[in-house]
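Listed in order, the protein sequences are those of chains A, B, C, D, E and F. When we follow my numbering, the leftmost residue of the first sequence carries the number -10, and every step to the right adds one. When we follow my numbering, the leftmost residue of the second sequence carries the number -10, and every step to the right adds one. When we follow my numbering, the leftmost residue of the third sequence carries the number -10, and every step to the right adds one. When we follow my numbering, the leftmost residue of the fourth sequence carries the number -10, and every step to the right adds one. When we follow my numbering, the leftmost residue of the fifth sequence carries the number -10, and every step to the right adds one. When we follow my numbering, the leftmost residue of the sixth sequence carries the number -10, and every step to the right adds one.
Hint data in this document are derived by calculation from the structure and do not stem from the laboratory. Treat the numbers as computed from the prediction; the structure is a model and nothing was measured. Incorrect hints may appear among the rest.
As a list, the in silico DSS-like pairs of lysine-lysine whose alpha-carbon atoms are at most 27 Å apart [stated by the list, open to error]:
{"#": "1", "chain 1": "D", "residue 1": "36", "chain 2": "A", "residue 2": "43"}
{"#": "2", "chain 1": "D", "residue 1": "43", "chain 2": "A", "residue 2": "36"}
{"#": "3", "chain 1": "E", "residue 1": "36", "chain 2": "B", "residue 2": "36"}
{"#": "4", "chain 1": "B", "residue 1": "36", "chain 2": "E", "residue 2": "43"}
{"#": "5", "chain 1": "F", "residue 1": "36", "chain 2": "C", "residue 2": "36"}
{"#": "6", "chain 1": "D", "residue 1": "17", "chain 2": "A", "residue 2": "83"}
{"#": "7", "chain 1": "E", "residue 1": "83", "chain 2": "F", "residue 2": "83"}
{"#": "8", "chain 1": "B", "residue 1": "43", "chain 2": "E", "residue 2": "83"}
The following residues of chain B were derived to be distant from chain F, with all beta-carbon distances above 10 Å [unchecked claim]:
{"#": "9", "residue": "-5"}
{"#": "10", "residue": "-4"}
{"#": "11", "residue": "16"}
{"#": "12", "residue": "33"}
Distance windows between CB atoms, simulated [as the list claims (entries may be wrong)]:
{"#": "13", "chain 1": "F", "residue 1": "113", "chain 2": "D", "residue 2": "47", "range": "14 to 22 Å"}
{"#": "14", "chain 1": "E", "residue 1": "120", "chain 2": "C", "residue 2": "3", "range": "48 to 56 Å"}
{"#": "15", "chain 1": "B", "residue 1": "52", "chain 2": "F", "residue 2": "83", "range": "43 to 51 Å"}
{"#": "16", "chain 1": "F", "residue 1": "84", "chain 2": "B", "residue 2": "86", "range": "28 to 36 Å"}
{"#": "17", "chain 1": "C", "residue 1": "3", "chain 2": "F", "residue 2": "83", "range": "33 to 41 Å"}
{"#": "18", "chain 1": "B", "residue 1": "43", "chain 2": "A", "residue 2": "6", "range": "51 to 59 Å"}
{"#": "19", "chain 1": "C", "residue 1": "53", "chain 2": "E", "residue 2": "16", "range": "46 to 54 Å"}
{"#": "20", "chain 1": "A", "residue 1": "18", "chain 2": "D", "residue 2": "0", "range": "41 to 49 Å"}
{"#": "21", "chain 1": "F", "residue 1": "86", "chain 2": "E", "residue 2": "82", "range": "24 to 32 Å"}
{"#": "22", "chain 1": "D", "residue 1": "83", "chain 2": "C", "residue 2": "3", "range": "42 to 50 Å"}
{"#": "23", "chain 1": "A", "residue 1": "-6", "chain 2": "D", "residue 2": "33", "range": "32 to 40 Å"}
{"#": "24", "chain 1": "B", "residue 1": "117", "chain 2": "C", "residue 2": "33", "range": "32 to 40 Å"}
{"#": "25", "chain 1": "C", "residue 1": "117", "chain 2": "D", "residue 2": "87", "range": "17 to 25 Å"}
{"#": "26", "chain 1": "C", "residue 1": "117", "chain 2": "E", "residue 2": "47", "range": "48 to 56 Å"}
Even for Gly, the Cβ is constructed at its ideal location relative to N, Cα and C.
Residues per chain are reported as follows:
There are 6 protein chains.
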Amino acid sequence: MASQRLIEYADASPEVRAVYDDILATRKTDYINNFWKALAHDPATLKRTWESIKQIMGPGALDPLTKELIYIAVSVTNQCPYCIASHTHSARTKGMTDEMLHELMAVVGMANETNRLSAGYRVEIDERFESQ
Amino acid sequence: MASQRLIEYADASPEVRAVYDDILATRKTDYINNFWKALAHDPATLKRTWESIKQIMGPGALDPLTKELIYIAVSVTNQCPYCIASHTHSARTKGMTDEMLHELMAVVGMANETNRLSAGYRVEIDERFESQ
Amino acid sequence: MASQRLIEYADASPEVRAVYDDILATRKTDYINNFWKALAHDPATLKRTWESIKQIMGPGALDPLTKELIYIAVSVTNQCPYCIASHTHSARTKGMTDEMLHELMAVVGMANETNRLSAGYRVEIDERFESQ
Amino acid sequence: MASQRLIEYADASPEVRAVYDDILATRKTDYINNFWKALAHDPATLKRTWESIKQIMGPGALDPLTKELIYIAVSVTNQCPYCIASHTHSARTKGMTDEMLHELMAVVGMANETNRLSAGYRVEIDERFESQ
Amino acid sequence: MASQRLIEYADASPEVRAVYDDILATRKTDYINNFWKALAHDPATLKRTWESIKQIMGPGALDPLTKELIYIAVSVTNQCPYCIASHTHSARTKGMTDEMLHELMAVVGMANETNRLSAGYRVEIDERFESQ
Amino acid sequence: MASQRLIEYADASPEVRAVYDDILATRKTDYINNFWKALAHDPATLKRTWESIKQIMGPGALDPLTKELIYIAVSVTNQCPYCIASHTHSARTKGMTDEMLHELMAVVGMANETNRLSAGYRVEIDERFESQ
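Given only the sequences and the hints, what does the whole structure look like? Please build it.
Right under this line is the structure:
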């Protein structure tokens, strides 16, 4: 598998096209991200991943923008350039302002810092946090 | 530094007490987490960390609960048991419901999965995500 | 140390050449990866790393291809672009098919997801998994 | 959500029981791991995760034991105690010997080391690894 | 926020300029890193981060070069290309020799390896390491 | 392999004893860490890992205490409880003071924070950092 090979709509099998069509319809867009075009070499994973994403990222107890912010937080923590770029874009289309992005980054940075302080000092979990 | 040594309020220096007092007042609580009691061996870091947290986690473009959810997302990604326990507790006190926790975990899990799929397949960043 | 400086065979010291020669002979190739050419600035680490790799990656209870798949799994989890590219290449030369790559990625993605679900929900280890 | 609350079969909703039944039947076992009992608080994630695992971990181009080894490699890299314990157990039931475990650990350790050497020295990807 | 937008001194607000001026004076340089120019979109984080860095990285019980080595160790472990490049540069200006860089990388590599061996084999912490 | 099984000196094979003896002599101690006793199930990895550690952690351009600090920095970043405990202990025996530990933790925390800020804002590497 080449790192650059992407399966375009015109070249896709019916199975892949069905997923692409659902992405386009669900997201009300005419654009398929490179991520899906790369996954399309493995139709089973393409379908499973898209259906999971669709189920998870839709509205629920958390709104779609909050979910995008959480997605970015994970992607930044993992140093995943593709996911940072694509989900920052998604979050923008869902209303993320500059101020929100700045606060998100500040929280992500601080959490990564205190995660290490608590590990490094081997802080024991407070009893009251054990049952919640 | 022992992994268990915690500095209680009664044993704290005036410098440390001043931070403890601010934590108690800001959070409207009578409880100091073990994290702060462990950091108290290094008053400079205790003070700097608390003041950063206080500045970052307060209300802004993102509400305090959303910030807690982001904090949990980072802590889970980093496999930090202390931070998962303490921020799950914090989020509960700020109104996180079971449904919100479930959706948070689903997004965090999925993001960790697709972070690896995009890395493993070496997906190139879409041009349209480069300038945003 | 420049990020681009690589020590070519023609410019290598006898100590470095001895390692290069062993890599070429062991791998039955006429190509030295950039990784080794970069490590060559530190002959002690070059030699130690190569000898460890040679000992570890050879046939044993696990076959060399399975070891490459495991190497890729780690590299993808760590978001290491160089290692993903070089070990995907190695795995290809050892017989990895597209189907195997797809299944590898699916497992790696899923493992990264459930690692976080188990951490986030703070699942206790089953007693029966404690002694094995 | 308590870190200890697990939903036992007897207390499970029909929706959760259906998943438990499929786990028991698919794995030909009479035991449900704590992981599933913790996820059961969120039936949608329980079902989605189980169905994904079932699809991914079954036989294919890679045999089920190889997939368990890959799962362990990821879990060790992520320092996930629960997943290390549970998938080491699974791999044992699928035939992993001591020798295989030892070789797996040696590869995982070495991959984590060279991932950092290549990052620290900022090794550029060899041209021949770009298209594969 | 574009990934490329950097706020140059000439375009900076008085608030941002005050931080830039302090960086230039403290570091006795006429160069502001891209990192600060990117953070400048969020003056609160720019100021807080700079003041924390200034407090932490100055001389103390550990000398500034040792602190840079530690900074690189973290950045390499996290696979952060920007931080590896910028802190390798910083360490060079503070006297890091090639030999020091090589030993640093060897330690970082080995630590990443044994971190996984101890996790994978689930080694229990020695009693004597519990109180220190 | 049980997570608790440790091979004591009295029960060790001659091959394992030879490594234990070298650890005891090199470290001028009468204590073998659990880490080595767990690795002893795989004599090849025990020997290779010990010889690598011995070569890497000895005095060189960096002194042994500095190397221990770097080891802790990596272990804290990776959230590895065993390695944090054992290398904090080692560093103590090599002269690490409370002040040094505090400064170490402060640097590790801050590096983990700025690693994410630079990733999240997708900061481009400064040209002057490219060749060093």
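Evaluated hints:
no.: 1; hint: 36/D to 43/A; result: holds (15 Å)
no.: 2; hint: 43/D to 36/A; result: holds (15 Å)
no.: 3; hint: 36/E to 36/B; result: holds (16 Å)
no.: 4; hint: 36/B to 43/E; result: holds (15 Å)
no.: 5; hint: 36/F to 36/C; result: holds (16 Å)
no.: 6; hint: 17/D to 83/A; result: violated (45 Å)
no.: 7; hint: 83/E to 83/F; result: holds (24 Å)
no.: 8; hint: 43/B to 83/E; result: violated (34 Å)
no.: 9; hint: -5; result: holds (15 Å)
no.: 10; hint: -4; result: holds (13 Å)
no.: 11; hint: 16; result: holds (21 Å)
no.: 12; hint: 33; result: violated (8 Å)
no.: 13; hint: 113/F to 47/D: 14 to 22 Å; result: violated (44 Å)
no.: 14; hint: 120/E to 3/C: 48 to 56 Å; result: holds (51 Å)
no.: 15; hint: 52/B to 83/F: 43 to 51 Å; result: holds (47 Å)
no.: 16; hint: 84/F to 86/B: 28 to 36 Å; result: violated (51 Å)
no.: 17; hint: 3/C to 83/F: 33 to 41 Å; result: holds (36 Å)
no.: 18; hint: 43/B to 6/A: 51 to 59 Å; result: holds (52 Å)
no.: 19; hint: 53/C to 16/E: 46 to 54 Å; result: holds (50 Å)
no.: 20; hint: 18/A to 0/D: 41 to 49 Å; result: holds (44 Å)
no.: 21; hint: 86/F to 82/E: 24 to 32 Å; result: holds (27 Å)
no.: 22; hint: 83/D to 3/C: 42 to 50 Å; result: holds (48 Å)
no.: 23; hint: -6/A to 33/D: 32 to 40 Å; result: holds (34 Å)
no.: 24; hint: 117/B to 33/C: 32 to 40 Å; result: violated (47 Å)
no.: 25; hint: 117/C to 87/D: 17 to 25 Å; result: holds (19 Å)
no.: 26; hint: 117/C to 47/E: 48 to 56 Å; result: holds (53 Å)
Hints 6, 8, 12, 13, 16 and 24 from the list above are not met by this structure, while the remaining hints are.
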